[in-house]
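K.L.:
Following the hints, position chain B against chain A.
From first to last, the protein sequence lines are chains A and B. 170 is the number that the numbering used here gives to position 170 of the first sequence; each next residue is one higher, with no gaps. 1105 is the number that the numbering used here gives to position 105 of the second sequence; each next residue is one higher, with no gaps.
Source of the hints: derived by calculation from the structure; they are not laboratory data. All values reported here derive from a predicted model rather than from experimental measurement.
List of simulated lysine to aspartate or glutamate pairs, EDC-like, C-alpha gap at most 16 Å:
| hint | chain 1 | residue 1 | chain 2 | residue 2 |
| --- | --- | --- | --- | --- |
| 1 | A | K10 | B | D1007 |
| 2 | A | K31 | A | D57 |
| 3 | B | K1041 | A | D70 |
| 4 | B | K1039 | A | D70 |
| 5 | A | K333 | B | E1088 |
| 6 | A | K10 | A | D105 |
| 7 | B | K1039 | B | E1050 |
| 8 | B | K1039 | A | E65 |
| 9 | B | K1039 | A | D66 |
| 10 | B | K1041 | A | D66 |
| 11 | B | K1041 | A | E65 |
| 12 | B | K1124 | A | D308 |
| 13 | B | K1124 | A | E307 |
| 14 | A | K78 | A | D66 |
Partial selection, computed: residues in chain B whose CB lies under 7 Å from chain A:
| hint | residue |
| --- | --- |
| 15 | A1019 |
| 16 | V1021 |
| 17 | V1026 |
| 18 | Q1043 |
| 19 | F1070 |
| 20 | I1080 |
| 21 | G1096 |
We put the CB at the ideal spot given by N, CA and C, even for glycine.
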Amino acid sequence: MSFAVLLTIKVLAVLGLMIGGALVVIFAELKIGAHMQNRMGPYFAGGRFGWAQPLADGLKFMQKEDLVPDGADERVYKLAPYVVLMGTVGVFVVLPLSPRFVARDLDLGAFYALAISSLTTLGVLMAGWSSNNKYSLIGGLRAAAQLIAYELPLVLAVVAVAIQAGTLSISGIIEAQAVPVFTIGELNVALPYILTGQIIGFAIFFIASIAELSRIPFDMPIAESELTMGFVTEYSSIRFTMFFLAEYAGMLSMSALATAFYLGGYQLPGLSSTAIEVLGPVIFISKVFLLSFVFIWLRWTLPRFREDQLQSLAWRWLIPAALLNIAITATFKVVF
Amino acid sequence: MSNYFGDYVTVAVFLLIGAVVVGGGVFAARMLQPNNPTKLKSQVYECGIEPIGSGWSQSHVRYYIFALLFLIFDVEAIFIFPWAVNLETFANAGFGVLILIEMFIFIGILVLGLVYAVRKGVLKWE
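If we strip away everything but chain A, and leave its shape as in the complex, we get:
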């Protein structure tokens, strides 16, 4: 097949997975949150379980008037959602669902994914600054402060994975987790990195990715009780929806990255490589939804941190722990 046709198929597949997955996660958030608080959650739209609620919400948002506040920097204000969603979609290029089901396996995959997902913060800062609103401005500045806190633990945790795998390509990292650790009789057992030395790295990566997504307990840029809605205060209609979509698609992509780095991606211990060819996407997506569930679970369980508490957590605990993790991983790699 020609490159252009293949690329079109990939784009459509990724868009379908991203938007479909985001709708599922939004619905899961509504429903799981409701049940954790002992209430019903959505039950009206789309029959008994209210499954059409996210779609109905989206349609409702689209019917609202698109407002630009007085004195706002209109061009930047309108550009911000574009930047945010570009950063979000960009990550999906390197996420492999199975050994062959990947948009593009870049050599620098892991590095690229971390870099491009930071683009979202730029969009958030643009939104916060251009709104001509004090709440938005503080929200945007807090998002920038948050980047300073979470970016390093996130990157340094991935460095340890890169050491262990010897590559930055995400497919390569997943394949490295298919190397058998031990054998039981005839069966070769390969374990994911979370079980072979990267458990601290996984914890650091996960905490940092909550901060990256600015979800509770690290949702200071939005902080409804302090800043109304943070950087999206002035947004309405479809532009607001795009920030919303980016948040949940970002949750999917961060879960997918954690799955690839630490949980073995599309691998499952004990399955043959032909089985993985077929079942790979199912395994990968199940793991992603499992991690997304943990994100939702934490959101409805923990109270919000303060910005300085996040800074102190990141700089005094996560970064030293991540550096130590690198040192230990490298020593093991060289000695054994």
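P.N.:
Just chain B, lined up with the frame of chain A:
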């Protein structure tokens, strides 16, 4: 298309698609939404009362020391990545311990700076 350019083209197309999703959404919403701006509607939100002063109010950027530290460590991270990927190759060639000690010295100097900052108390927001 060659492998090399294929990478760039794929990434560029996906970034473009991200923008197209927003653009398409904005276009579709224009068909559905009313457009009737008034002075009151476009007023900046501030607790429901009339906003006081400009939205671009000044605030004390308290985290500038963190930002400086962040810059240093972020550059460090760029140096660490090539080392991390090539560690296996070097270890197989017999340079493992040497290259490990080199990186420990590099990280050690930066950690010293971090320890100094913590001891100085600049990482506390008071």
